[in-house]
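Top to bottom, those sequences are chains B and P.
Sequential numbering of the first sequence, starting at 1, is according to the numbering used here.
Sequential numbering of the second sequence, starting at 221, is according to the numbering used here.
Note that these hints are calculated values from the structure, not bench results.
Check before you lean on any hint, since a few could be wrong.
Said to hold, decoys possible - Heads up, incomplete: computed chain P residues facing chain B, CB under 10 Å, no partners named:
id, residue
1, D241
2, V443
3, F453
Claimed, not checked - Across the chosen pairs, the derived CB separations fall in these ranges:
id, chain 1, residue 1, chain 2, residue 2, range
4, P, F529, B, R52, 19 to 27 Å
5, P, I530, B, R75, 18 to 26 Å
6, B, S131, P, F483, 47 to 55 Å
7, B, R75, P, S526, 18 to 26 Å
8, P, L424, B, D19, 49 to 57 Å
9, P, E439, B, L127, 21 to 29 Å
10, B, I68, P, P234, 19 to 27 Å
11, B, T67, P, P234, 22 to 30 Å
12, B, D112, P, G452, 17 to 25 Å
13, P, G505, B, R52, 54 to 62 Å
14, B, N61, P, F529, 29 to 37 Å
15, B, P110, P, L417, 40 to 48 Å
16, P, Q260, B, L202, 48 to 56 Å
Glycine included, each C-beta is placed from N, C-alpha and C at the ideal position.
Given next are the chains, with one letter for each unit.
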Amino acid sequence: MISFERVSKRFERHDALRDVSLEIAREEMVFLTGHSGAGKSTMLRLLMLLDRATSGRLVVNGKDVATIRGRQVARYRQDFGFVFQDHQLLFDRSIFDNVALPLDIAGFHPRDVGRRVRAALDKVGLLGRESANPAVLSGGEQQRVGIARAVVARPKVLVADEPTGNLDPGLSAEIMALFEAFHRVGVTVIVASHDLALISRLRHRIITLKEGRLVGGVGR
Amino acid sequence: MNATVPDAQVGPRPALVSWFDHHRRAAVQSFLRLWREPIQSLVTCLAVGVALALPAALWALLQNVEAVSGSVQTAARFTLLLDQNTPFEVATQLAAELEGQANIDDVETVDRADALKDFAYGIGLNELMDNLDENPLPHLLHLHPDKNLSSAELDALFISLSTLESVDQVVFDTQWQARLGAAIATARRLTAGVGVLMVLGAALILGNTIRLGIEARREEITVIKLIGGGDGFARRPLLYSGLWSGAVGGLLGAVLVALLFGFLAGPADELFTLYGSDQTVSGLGFKGAFGLTVAGGLAGLVSAWSTAFIHLRRIQPR
Ligand SMILES: Nc1ncnc2c1ncn2[C@@H]1O[C@H](COP(=O)(O)OP(=O)(O)O)[C@@H](O)[C@H]1O
Ligand SMILES: [Mg+2]
Numbered sequence: 001m002i003s004f005e006r007v008s009k010r011f012e013r014h015d016a017l018r019d020v021s022l023e024i025a026r027e028e029m030v031f032l033t034g035h036s037g038a039g040k041s042t043m044l045r046l047l048m049l050l051d052r053a054t055s056g057r058l059v060v061n062g063k064d065v066a067t068i069r070g071r072q073v074a075r076y077r078q079d080f081g082f083v084f085q086d087h088q089l090l091f092d093r094s095i096f097d098n099v100a101l102p103l104d105i106a107g108f109h110p111r112d113v114g115r116r117v118r119a120a121l122d123k124v125g126l127l128g129r130e131s132a133n134p135a136v137l138s139g140g141e142q143q144r145v146g147i148a149r150a151v152v153a154r155p156k157v158l159v160a161d162e163p164t165g166n167l168d169p170g171l172s173a174e175i176m177a178l179f180e181a182f183h184r185v186g187v188t189v190i191v192a193s194h195d196l197a198l199i200s201r202l203r204h205r206i207i208t209l210k211e212g213r214l215v216g217g218v219g220r
Numbered sequence: 221m222n223a224t225v226p227d228a229q230v231g232p233r234p235a236l237v238s239w240f241d242h243h244r245r246a247a248v249q250s251f252l253r254l255w256r257e258p259i260q261s262l263v264t265c266l267a268v269g270v271a272l273a274l275p276a277a278l279w280a281l282l283q284n285v286e287a288v289s290g291s292v293q294t295a296a297r298f299t300l301l302l303d304q305n306t307p308f309e310v311a312t313q314l315a316a317e318l319e320g321q322a323n324i325d326d327v328e329t330v331d332r333a334d335a336l337k338d339f340a341y342g343i344g345l346n347e348l349m350d351n352l353d354e355n356p357l358p359h360l361l362h363l364h365p366d367k368n369l370s371s372a373e374l375d376a377l378f379i380s381l382s383t384l385e386s387v388d389q390v391v392f393d394t395q396w397q398a399r400l401g402a403a404i405a406t407a408r409r410l411t412a413g414v415g416v417l418m419v420l421g422a423a424l425i426l427g428n429t430i431r432l433g434i435e436a437r438r439e440e441i442t443v444i445k446l447i448g449g450g451d452g453f454a455r456r457p458l459l460y461s462g463l464w465s466g467a468v469g470g471l472l473g474a475v476l477v478a479l480l481f482g483f484l485a486g487p488a489d490e491l492f493t494l495y496g497s498d499q500t501v502s503g504l505g506f507k508g509a510f511g512l513t514v515a516g517g518l519a520g521l522v523s524a525w526s527t528a529f530i531h532l533r534r535i536q537p538r
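So here's chain B without its partners, still in its complex pose (with noise of 0.2 Å):
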């Protein structure tokens, strides 16, 4: 479903990805690993189309990602969610309109909007604090009202960077516990982390990354 074919990123004088092909299929959850500085948020950034490939080939969904332009940008992100380490939450209104952000863009009717809003905040276990602003929030809290953003709309990939990067471990294992059951009811999941202790104890692909080469996890 997501395909890269030979794929560089090139930054002035600094390769980010060299050559870099893997298929990710549907509904797989895999992790992306590797030392900071090795290409991993490159690459869910060439995903998220927040950046072009220098050279090579992205095809997602059968489409090749380069002929996605203007307006179609904006559309085509709306098929994903993307949970950010720094969680990016709008620290001017409630919890309940962060979360029914991705729902307004998409258009859904103010009545469906605040089932799925509440739907999605008792998956992460926040029924009940709509109400409240983030900013009252705990860093483990406000990850998973952005997870909760991620998911709202129901998309069929969720992609996360460094989403356990500012908590502890317990919280840590509590956010990809989260992310593994979404994997569970279909959704294909791609969490870009360098917690290799954390992630080795679950049982996926572990895709690894060293100064923008792919050195392991290509094949399953």
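Go by the hints and put chain P with the ligands onto chain B.
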């Protein structure tokens, strides 16, 4: 934590329905946002109001001048200078004849002695009369044409009066009317020019406010783009805040003009009376105030759109 909580399988609504719905909500929320920072909003709207009030006041003033000049014009007067040796009896007889014409309202006969007195008094030289051996003036007729005559009919009347026997000269000062007309045309151009400049100024003020608004909402816009919102979605609240600030500014401008005209009314009405007009000074009126509000709203919309067009694409998620 359960990833399988069931709920109704509902999807997004048709694009047009949700588009309208988002417009409606963006409109309401942007309007409410104005009151969240009331001082800042008031300053912006007042700046727009002041910018729009100046050309609007000029325009309203011009409307008044034109209305008055219209009524002064109908009070046009011919002065008939009779031949030097025409006796006074002939003059009064001619006056009576002319008064019988349908296109003439009223004729007043002035004895040459009185005419000289009036003239001397008018230029402030009473002793002039003592120094003149002979009165140089003939008897005069002041003739008021019918108020409804067109300028072509006035011209025709002028010609027929000139050809009358015992009439030496007909004086019909149309020059001041031509001058006034030219002055009004100039003032109208000036108003249009000032209007364009001031609307541009208002648009720039609003554009700057919108730009600050974009900066303040950079985070929100970034997140919107990250999770699949397009420029249109991000732009909508900005467009409405431009529209509302502009419209409220226009309305404030109308209030300013009303205050200004209230301030002018006393002396202006007197001025009108002195010009023989029974008119009173009138401001923008409801239509004008509405027009100014719409103009402000449009200026706000256009400036918000262009500002958003320039600045939104620069905000790309990292
Ligand atoms: N916008 C950029 N400009 C220049 N270099 C960049 C940019 N983004 C990433 N890099 C470089 O690319 C390499 C890979 O970065 P990244 O994908 O963020 O690594 P990771 O997420 O694995 O820590 C790093 O050396 C980083 O400095
Ligand atoms: Mg990274």
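Non-conforming hints, listed in increasing numerical order:
none
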